[in-house]
Structure formats: C-alpha cells, structure tokens
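Protein sequence lines correspond, in order, to chains V and G. Going by our numbering, the first residue of the first sequence is number 469, and it counts up by one from there. Going by our numbering, the first residue of the second sequence is number 469, and it counts up by one from there.
Calculated directly from the structure, the hints in this document are not laboratory data. Ideal Cβ placement from N, Cα and C applies to all residues, glycine included. Accuracy of the hints is not assured; some may be wrong.
[As the list claims (entries may be wrong)] Each computed BS3-like pair below joins lysine-lysine, with the alpha-carbon atoms no more than 27 Å apart:
| id | chain 1 | residue 1 | chain 2 | residue 2 |
| --- | --- | --- | --- | --- |
| 1 | G | LYS492 | G | LYS477 |
| 2 | V | LYS741 | V | LYS492 |
| 3 | V | LYS658 | G | LYS875 |
| 4 | G | LYS875 | V | LYS627 |
| 5 | V | LYS834 | G | LYS741 |
| 6 | G | LYS571 | G | LYS543 |
| 7 | V | LYS626 | V | LYS536 |
| 8 | V | LYS745 | V | LYS627 |
| 9 | V | LYS492 | V | LYS537 |
| 10 | V | LYS875 | V | LYS842 |
| 11 | V | LYS842 | V | LYS547 |
| 12 | V | LYS626 | G | LYS875 |
| 13 | V | LYS745 | V | LYS626 |
| 14 | V | LYS547 | V | LYS492 |
| 15 | V | LYS742 | V | LYS627 |
| 16 | V | LYS834 | G | LYS477 |
| 17 | V | LYS626 | G | LYS612 |
| 18 | G | LYS741 | G | LYS543 |
| 19 | G | LYS627 | G | LYS742 |
| 20 | G | LYS741 | G | LYS627 |
| 21 | V | LYS875 | G | LYS658 |
| 22 | V | LYS674 | V | LYS571 |
| 23 | G | LYS626 | V | LYS875 |
| 24 | G | LYS612 | G | LYS674 |
| 25 | V | LYS674 | V | LYS658 |
| 26 | V | LYS627 | G | LYS834 |
| 27 | V | LYS536 | V | LYS547 |
| 28 | G | LYS745 | G | LYS477 |
| 29 | V | LYS536 | V | LYS492 |
| 30 | V | LYS875 | G | LYS627 |
[Said to hold, decoys possible] Computed from the model, here is a short list of chain G residues facing chain V with C-beta under 10 Å:
| id | residue |
| --- | --- |
| 31 | ALA493 |
| 32 | SER529 |
| 33 | ALA585 |
| 34 | THR639 |
| 35 | ILE691 |
| 36 | ARG697 |
| 37 | GLY707 |
| 38 | GLY708 |
| 39 | PRO729 |
| 40 | ALA769 |
Number of protein chains: 2
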Amino acid sequence: MNITAQDIKTIAEREGVDREALQKAIASGRVIILKNARRHIEPVPVGGDTTVKVNANIGMSPEIADEKKEVEKAKAAMKAGADTIMDLSVGGDTWSLLKRLLKLEIPLGTVPVYEAALDTVRRTGSILDMEEDALFNVIERQAKMGVDFMTIHAGITKKTLETVDRSTRVTGIVSRGGSLLARWMRHTEKENPLYRDFHYLLELIKDHHVVVSLGDALRPGCIADATDRAQIEELILLGGLVEECRRAGVGVMVEGPGHVPLNEIEANVLLQKKVCKDAPFYVLGPIVTDIAAGYDHIAGAIGGAVAAMHGADFLCYVTPSEHLALPDVEDVRQGVIASKIAAHAADVARGRGRHRDLQVAGARAKLDWEEQFKHLLDPERACAVRGRRHPRDPRVCTMCGDFCSMK
Amino acid sequence: MNITAQDIKTIAEREGVDREALQKAIASGRVIILKNARRHIEPVPVGGDTTVKVNANIGMSPEIADEKKEVEKAKAAMKAGADTIMDLSVGGDTWSLLKRLLKLEIPLGTVPVYEAALDTVRRTGSILDMEEDALFNVIERQAKMGVDFMTIHAGITKKTLETVDRSTRVTGIVSRGGSLLARWMRHTEKENPLYRDFHYLLELIKDHHVVVSLGDALRPGCIADATDRAQIEELILLGGLVEECRRAGVGVMVEGPGHVPLNEIEANVLLQKKVCKDAPFYVLGPIVTDIAAGYDHIAGAIGGAVAAMHGADFLCYVTPSEHLALPDVEDVRQGVIASKIAAHAADVARGRGRHRDLQVAGARAKLDWEEQFKHLLDPERACAVRGRRHPRDPRVCTMCGDFCSMK
C-alpha cells in the first residue's frame with residue numbers, strides 16, 4: 469500500500485470518519501484509495517462511509533481532437549468540484565493528452581482498450597486486427613505513467629456475450645469498450661483477453677497501485693433493457709473478479725448502469741453490494757428516462773442521487789450533451805454540478821455533510837447573502853442570478869420583495 | 469360536476485386509464501379535475517392513476533411588475549409542457565394580469581391571500597390592517613372570473629402557529645401566504661379566517677367548481693426543519709379539511725413540502741396519503757439540499773421524481789432562480805423541463821408512459837435522429853446541441869464518431 473498512516477489520518481479528518489474504522493474498511497476492500505504510486509496528489513477514498521464522489525469524463529473524439537480544450541475541461545471540472553477525471557479519448561494524440569492530464573492534481577482514470585483499439589485502427593484500418601498483447605502493453609504503459617484507475621471490461625466473455633446476443637434487447641451493447649471487444653471476439657472467436665488473462669493484468673498494475681474499475685460492458689442502453697439477464701450475469705461474473713483482485717492485493721471497484729428506471733435502482737445497488745462483497749459501486753448516471761436528451765445531466769442526477777442514497781459510492785457525471793455531441797466546457801461544468809447535487813443529496817440522506825445545508829439555512833434566515841453564498845455549491849452562479857436585477861431593499865430578492873417571508 | 473361524460477371519456481383515453489375506474493376515482497376524490505365552470509379549457513385530472521402533472525409559477529413582484537413578461541413566461545411554460553400555471557403576483561396590476569392569463573387554455577391557480585394582503589398594504593400601508601371580508605371577497609371574485617384552483621392556507625391556526633412558534637426551527641415560516649397570515653394572527657390575536665370560516669369559503673367557490681389546494685403554511689424552509697411537529701400537525705389538520713371539502717362536494721388537493729432530505733420523502737408521501745385519505749398530493753419540489761441555489765431546479769427534480777414515484781401526483785416546478793431572484797423566461801423553461809423529467813421518471817417507475825422511452829431507444833438503435841428527436845421532451849434543444857458541430861458521418865455524433873457503439 470502506498471498510503472501512509474499520515475494519509476489515513478488526513479483522509480479520516482477530511483471525511484469526518486473514524487480513523488480505525490477507515491483503516492479496516494480499506495483493508496477489507498470496502499473503501500479503495502485512488503492514487504498511483506507515482507503520483508503526488510491527495511489520495512481520494514471511494515466507498516464505505518466516505519462521502520459520495522463524482523467523476524467527470526473528458527477526452528478527444530475522432531471528430532474533435534483539441535488537447536488544450538480537453539485540459540481546459542478537466543480544469544473546469546476540478547473547479548466545479550469533481551473528485552476525479554477520466555480521459556476517454558478515442559482520437560488525437562492520446563499519449564500527449566494523458567501526460568498533460570497527469571500534471572493536474574486529481575486522480576485520473578482511463579479505459580485502456582480505447583487506446584489499443586485506436587492504435588490498431590490507425591495501423592491496420594480495423595479494430596478486428598487488434599493483438600492481445602497490445603491491450604496489456606497499453607495497461608502497463610499507462611500504469612507506469614501514473615494512471616490511478618482503469619476501466620477493465622473483463623465481464624464480457626464468450627458466455628455473457630452469448631446471453632446478450634440471444635436477448636431481445638432494444639439497444640444491444642452500448643458500452644463503447646464492450647462493443648469494441650464484442651466485435652473483436654465475434655470475429656476472432658477468441659475469449660476476451662482481459663478476462664482470460666486477468667491475473668496477468670493484475671500483476672502488471674499491482675505495484676503501481678492502480679485501482680481496477682470493473683467495466684460493465686453489458687450495461688443497459690435504455691430503460692427497457694435494464695436489469696436483464698445479460699446485465700446481471702455480467703455482474704455476477706464481476707463479483708468473482710472482485711474476489712480475485714482482493715486476493716491479489718489490487719484495489720477494485722465495480723461499474724454499474726447506465727439507464728435504469730427509478731423503481732429498479734434500489735435493487736440494482738443492493739444486488740451489486742451483495743454479489744460484489746461491498747466493493748465500491750461506480751455508477752454512470754443512472755439515467756432514469758430516455759426522453760431527456762439535452763438534459764440528461766438532470767435525468768442522471770435523479771438516478772445518481774437515488775443510487776447513492778441506497779449505497780452507490782461514486783457517480784460518473786452525465787452532461788447535457790450526452791447522446792448528442794462531444795461536451796464543451798460549459799457542458800462539463802453543468803454535468804459536474806448536477807452530479808455534485810446528487811452526491812450531496814445522497815450524503816445528506818445518509819447523515820453526512822448536513823452542517824453545510826445548515827449554514828446556508830441559517831444565513832438565509834438572517835438574510836445574510838454573503839454568508840449564504842460562501843456555503844453554496846456554486847457561489848459565483850448564485851451571485852450572478854441574484855445580481856441580474858437589484859432589489860430595492862438589499863436584504864431581500866426580486867422574487868418577493870417586501871413580501872419576503874424571511875423579512 | 470361540470471365535467472361531462474364525454475370529458476371523462478376523453479381524459480381516460482388521453483391518460484390511458486379505464487373510464488369506469490377514473491369515474492370512481494373522481495367520485496371518491498382520489499382524482500380531482502381542474503376546470504372552473506366558466507372556462508373553456510381541456511379539463512386536467514390530477515391524482516390516482518393519471519400521469520404526474522407539472523405546475524409552473526409565474527407572477528409579478530413588488531420589485532418587477534411587467535404583465536407582458538409574465539404572459540410570455542406562462543406561454544413558455546405551456547410550450548415546455550406545463551399542465552397548469554399559478555399566478556403568484558404580489559405586485560403590479562394583478563387583476564389585469566389575471567384576466568390575461570385566463571385567456572390562455574390551461575388551468576390557472578392563485579393564492580387569494582396575496583391579493584388581499586397586497587390591496588391592504590396599498591390602502592393602509594400595513595398587512596396588519598387586513599379585514600377578514602377582504603379575503604373572502606377576493607376568493608369570490610377570482611372564482612367568478614374563472615380561476616380553476618386556489619391555494620388556501622387554512623392549516624395555520626392559533627394552535628399550529630403556537631407549535632411553530634415554540635419550535636427550534638432554523639427558518640421558521642417560509643410560506644409567503646403563511647407568514648402573512650401569521651403576522652396578522654399574532655397582531656390581531658384572531659383565529660385564521662380561512663380556517664374559522666372554511667365552510668363559508670367552500671360555499672363561495674362550490675358552484676364555480678374551483679378546486680381547493682390546501683396550502684402548507686408551515687412547510688419546512690430548509691432540510692433541517694423537515695418533517696417536524698409543526699409540519700405534521702398542520703398536515704393532520706389538513707386531513708380533516710379534506711373531509712370537509714369532500715362532504716361539501718368541493719374538489720380538494722393537499723400541498724406539501726418544500727425542503728426534504730431524500731431519505732424522508734417516502735415517509736412524507738405515505739403520511740399525506742394516509743392522513744388525507746388519498747387526496748392528490750401537490751408538492752413544491754421537494755428540494756433535497758439547501759446548498760444548490762442557482763440550480764434548485766435540479767435539487768427539486770431529484771426530490772420531485774422520488775416523491776412522485778412514491779405517490780405524489782402533482783409537482784410544482786422550481787426554477788434556477790429560486791431563493792435568488794424573480795425567474796426570467798428561460799428560467800421558467802428550465803424549471804418546467806426539469807419537473808417534466810421528474811414527472812416522467814416517476815410515471816415510468818409506476819409503469820406509465822414507457823412507450824415514449826421505447827420509441828427513443830428504438831430510434832437510437834437505428835441511428836435515426838429525426839425519429840429520436842420527435843419523441844424527446846425538448847426536440848429543439850436536442851437538435852441544437854447535436855448541430856453545434858457536425859460529425860463527418862451524419863449517422864453518428866461528435867462524441868464517439870466512428871467508435872459509436874450503435875454503429
């Protein structure tokens with residue numbers, strides 16, 4: 469473990485949890501710590517009784533590859549309160565961007581299969597030519613560079629792929645990594661190397677203290693596909709891999725859906741917690757309806773808050789551009805804020821962080837705007853909204869004026 | 469009842485519910501119909517197995533009173549999908565605005581105590597001079613004009629006011645109508661006339677088919693104050709008034725909080741449903757954290773979705789300007805969309821309206837953008853986001869390009 473006793477003490481204080489309990493939770497795998505051995509960043513704990521964390525995805529696409537813009541997005545995400553960044557680039561000079569991102573003081577995650585696929589497509593024109601070694605080479609290189617966590621799509625196997633292929637899913641496989649591997653597996657008729665050589669993979673990353681984020685390649689791509697056989701069969705398989713990671717001394721968390729109707733979220737979290745032996749649960753959204761494109765950050769905040777209230781530990785943000793376009797800087801900011809609201813609402817429901825709400829409420833009761841703004845998620849924005857038009861009485865706002873109930 | 473057999477048939481078809489079951493639900497008061505006897509609008513059902521409805525508040529303030537702008541907001545709300553509008557004006561030429569709003573083809577709600585208070589303040593300079601008759605005169609006049617539902621703050625009584633005054637609440641009384649009445653009651657030492665003369669009030673509005681929306685004057689103004697004695701004592705009292713409305717043949721719904729931590733929402737809905745004999749529950753938000761000012765539409769969408777999943781029937785929107793300023797037109801639009809997402813997510817959780825999600829999902833799987841846009845909540849916005857930058861391959865988007873999993 470590259471986490472010192474001092475680190476544990478600092479984390480426990482920051483999170484408001486008991487130091488010994490934290491140490492136990494880390495030892496059992498209920499809490500994992502994001503921090504590659506190479507990096508000089510504050511270690512970020514995920515899971516157990518620590519606060520719910522928020523990740524922001526950035527990355528270049530084949531259509532738009534602007535390194536500077538992606539760094540700008542990462543910085544905007546950090547400013548808005550993201551706890552981690554994932555670089556999901558599938559275009560541009562990916563290694564160069566990765567180097568730049570690793571200079572930022574925040575844990576960084578990647579999806580190594582993207583890099584392997586991109587490199588193959590560039591060399592041969594087709595993902596189908598991807599060599600198995602290429603995958604592990606990328607993983608090793610990224611681990612050495614300092615990547616803190618990696619999505620590993622080891623749950624898509626010949627067996628689970630058969631289940632999804634036989635299913636009547638509306639949207640099939642929507643995980644980008646999952647669909648790449650599925651195409652490759654169907655073509656080569658080989659087992660997924662990330663699954664077959666999972667132990668080898670763990671050996672490659674172990675000493676670098678890279679956390680494995682077990683990807684859910686078969687997550688539902690629409691609410692109609694949620695909680696189906698393929699998704700749950702993969703989850704059960706991931707539960708087995710959690711145990712292998714723990715035996716190997718590698719930190720592990722499990723990724724989850726995706727698109728889930730509101731009434732199925734609690735069961736999804738419960739199932740993950742049971743089947744994966746309390747490994748931290750990292751959910752994408754979940755988005756609770758398919759009709760909200762343009763506002764999927766809101767659909768994702770609803771699902772994320774409910775998931776985290778029931779025990780999910782880590783929320784991957786969704787931006788207003790989801791399903792439509794590569795997000796811009798403002799989308800990233802909006803996405804992080806929406807997820808932070810969801811994360812905090814869940815923390816509050818779990819009895820954590822309420823002092824901050826109390827500070828805002830107390831300041832409101834006193835009509836102390838400066839004090840209120842200090843404790844808000846986004847003081848700048850609140851100040852700007854209030855300042856659009858000035859009330860005659862500086863103590864109130866333009867909503868109620870003299871009819872202010874606080875006054 | 470001013471609802472014809474044809475109306476019932478039309479509503480049942482639009483809502484996808486059984487006609488006879490709907491009729492029974494209306495007869496029992498589980499479903500109420502918003503439509504004043506004077507008005508020529510589509511009747512809007514609230515409650516029971518009908519879809520979750522969304523209300524948008526507009527209205528002039530003492531600070532900003534622009535009739536045209538408020539009409540513009542009402543129209544923007546309608547375009548974004550609001551099912552009803554409430555005019556909460558406490559400034560400007562309120563009667564003139566009301567007349568204009570009643571020309572729009574959507575149910576309109578008011579809070580008569582605002583008008584009575586505003587008129588008193590204008591005449592004497594102080595709300596404390598309000599005469600009891602003034603309240604009932606406003607109610608009668610608005611009923612005759614065609615107002616479809618009215619918030620009646622009859623739950624703040626000498627007894628419940630004493631409970632709140634003795635409490636250790638952080639934010640006291642935050643309902644605008646509630647705080648006006650509290651000041652008047654403390655000063656005059658009289659009982660709340662809306663409570664004392666509740667039967668008289670029902671007589672005034674009965675023949676006009678105005679629905680009573682029992683206001684929650686003592687709703688919590690921050691999450692720390694949620695589900696406290698004052699709030700629940702008022703709710704129990706409102707449950708008694710529900711029965712009086714039903715005996716008098718007046719449609720009734722019950723308003724609810726407000727600011728509620730995520731983990732207390734289910735209990736709040738259950739309690740209202742039991743205590744108020746399944747009267748439709750009309751919730752404001754609820755907002756699940758106090759630190760999200762500037763984004764309270766998102767905090768409200770999280771709470772609204774969860775409340776409606778557990779049985780709330782009617783969501784009052786919250787705009788991004790809540791707690792900060794009078795909303796502008798774009799705020800209104802954002803507020804309605806956020807609430808519509810919450811309402812639909814809850815409908816989906818309750819097994820309603822999933823065909824729409826399925827249409828979007830099916831179109832996505834076929835990369836049929838035109839078809840997808842047709843079924844979205846806000847096609848214009850989705851189209852604009854996608855169109856910001858054009859992908860090289862028109863079938864994909866700039867997020868994944870050739871790495872599109874659907875492709």
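Hint by hint, here is what the structure shows:
A distance of roughly 13 Å separates the Cα atoms of LYS492/G and LYS477/G; the hinted pair therefore holds under the 27 Å criterion. With a C-alpha separation of about 17 Å, the suggested pairing of LYS741/V with LYS492/V holds against the 27 Å cut-off. For the given pair, LYS658/V sits about 22 Å from LYS875/G by alpha-carbon distance, which is consistent with the 27 Å threshold. The suggested pairing of LYS875/G with LYS627/V holds, with an alpha-carbon distance near 23 Å, which does not exceed 27 Å.
Taking the CA atoms of LYS834/V and LYS741/G, the gap is near 34 Å; set against the 27 Å cutoff, the hint is violated. In summary, the hint linking LYS571/G to LYS543/G is supported, as the alpha carbons are separated by about 11 Å, within the 27 Å threshold. A distance of roughly 40 Å separates the Cα atoms of LYS626/V and LYS536/V; the hinted pair therefore is violated under the 27 Å criterion. Restraint check for LYS745/V and LYS627/V: satisfied, since their Cα atoms lie roughly 23 Å apart, inside the 27 Å limit.
Of the pairs offered as hints, the one joining LYS492/V and LYS537/V is violated, with about 41 Å between alpha carbons and a cut-off of 27 Å exceeded. Between the alpha carbons of LYS875/V and LYS842/V the distance comes to roughly 21 Å, so the proposed pair stays at or under 27 Å and holds. For the hint linking LYS842/V to LYS547/V, the alpha-carbon distance of about 15 Å falls within 27 Å, and the restraint holds. Straight-line distance between C-alpha atoms of LYS626/V and LYS875/G comes to about 21 Å, which keeps the hinted pair within the 27 Å bound.
For the proposed pair LYS745/V and LYS626/V, the alpha carbon gap of about 24 Å is at most 27 Å, so the pair holds. Proposed proximity of LYS547/V and LYS492/V is contradicted: the alpha carbons are some 32 Å apart, above 27 Å. Note on LYS742/V and LYS627/V: the hinted pairing holds, with a Cα-Cα distance of about 22 Å set against a maximum of 27 Å. Between LYS834/V and LYS477/G the CA atoms are separated by roughly 52 Å; this puts the pair beyond 27 Å, and the hint is violated.
Simply put, LYS626/V and LYS612/G have alpha-carbon atoms about 71 Å apart, too far for the 27 Å limit, and the pair is violated. Pair hint LYS741/G plus LYS543/G does not hold up; C-alpha atoms about 32 Å apart against a cutoff of 27 Å. Proposed proximity of LYS627/G and LYS742/G is supported: the alpha carbons are some 22 Å apart, at most 27 Å. Distance hint between LYS741/G and LYS627/G is fulfilled; the C-alpha atoms sit about 23 Å from each other, no more than 27 Å.
With a C-alpha separation of about 22 Å, the suggested pairing of LYS875/V with LYS658/G holds against the 27 Å cut-off. Distance check on the hinted pair: LYS674/V and LYS571/V sit about 22 Å apart at the alpha-carbon level, within 27 Å; holds. For a cut-off of 27 Å, the pair hint linking LYS626/G to LYS875/V stands: about 21 Å separates their Cα positions. Distance restraint check for LYS612/G and LYS674/G: the Cα-Cα separation of roughly 11 Å lies within the 27 Å cut-off, and the hinted pair is therefore satisfied.
Under the criterion of a C-alpha separation no larger than 27 Å, the hint pairing LYS674/V with LYS658/V is consistent with the structure, at around 26 Å. For the given pair, LYS627/V sits about 26 Å from LYS834/G by alpha-carbon distance, which is consistent with the 27 Å threshold. Taken as a hint, the LYS536/V and LYS547/V pair is honoured in the structure, with Cα atoms around 16 Å apart against an allowance of 27 Å. Between LYS745/G and LYS477/G the CA atoms are separated by roughly 25 Å; this keeps the pair inside 27 Å, and the hint holds.
At roughly 41 Å between alpha-carbon atoms, LYS536/V and LYS492/V are farther apart than 27 Å, so this suggested pair is violated. About 23 Å separates the Cα atoms of LYS875/V and LYS627/G, which keeps this hinted pair within 27 Å; it holds. Using the Cβ-Cβ criterion of 10 Å, the hint placing ALA493/G at the interface with chain V is not satisfied: the shortest such distance is roughly 22 Å. With a cut of 10 Å, the hint placing SER529/G at the interface with chain V holds, because the nearest CB-to-CB distance is about 5 Å.
The restraint placing ALA585/G at the interface with chain V holds, with a minimum CB-CB distance near 8 Å, inside the 10 Å limit. The beta carbon of THR639/G comes within 5 Å of a beta carbon in chain V, closer than 10 Å, and the hint placing it at the interface holds. Here the hint on ILE691/G is kept, as its CB sits about 5 Å from the closest CB of chain V, short of 10 Å. Given hint, ARG697/G at the interface with chain V, is violated; its Cβ is 18 Å from that chain's nearest Cβ, farther than 10 Å.
The criterion of a C-beta within 10 Å of any C-beta in chain V is not met by GLY707/G, whose closest approach is roughly 24 Å, and the hint is violated. Contact between GLY708/G and chain V, as hinted, is not supported at the beta carbon level, the nearest pair being about 25 Å apart and thus beyond 10 Å. With its C-beta approaching chain V no nearer than about 5 Å, PRO729/G sits inside the 10 Å limit, and its interface hint holds. Because the beta carbon of ALA769/G sits about 5 Å from the nearest beta carbon in chain V, less than 10 Å, this interface hint is met.
Hints 5, 7, 9, 14, 16, 17, 18, 29, 31, 36, 37 and 38 from the list above are not met by this structure, while the remaining hints are.
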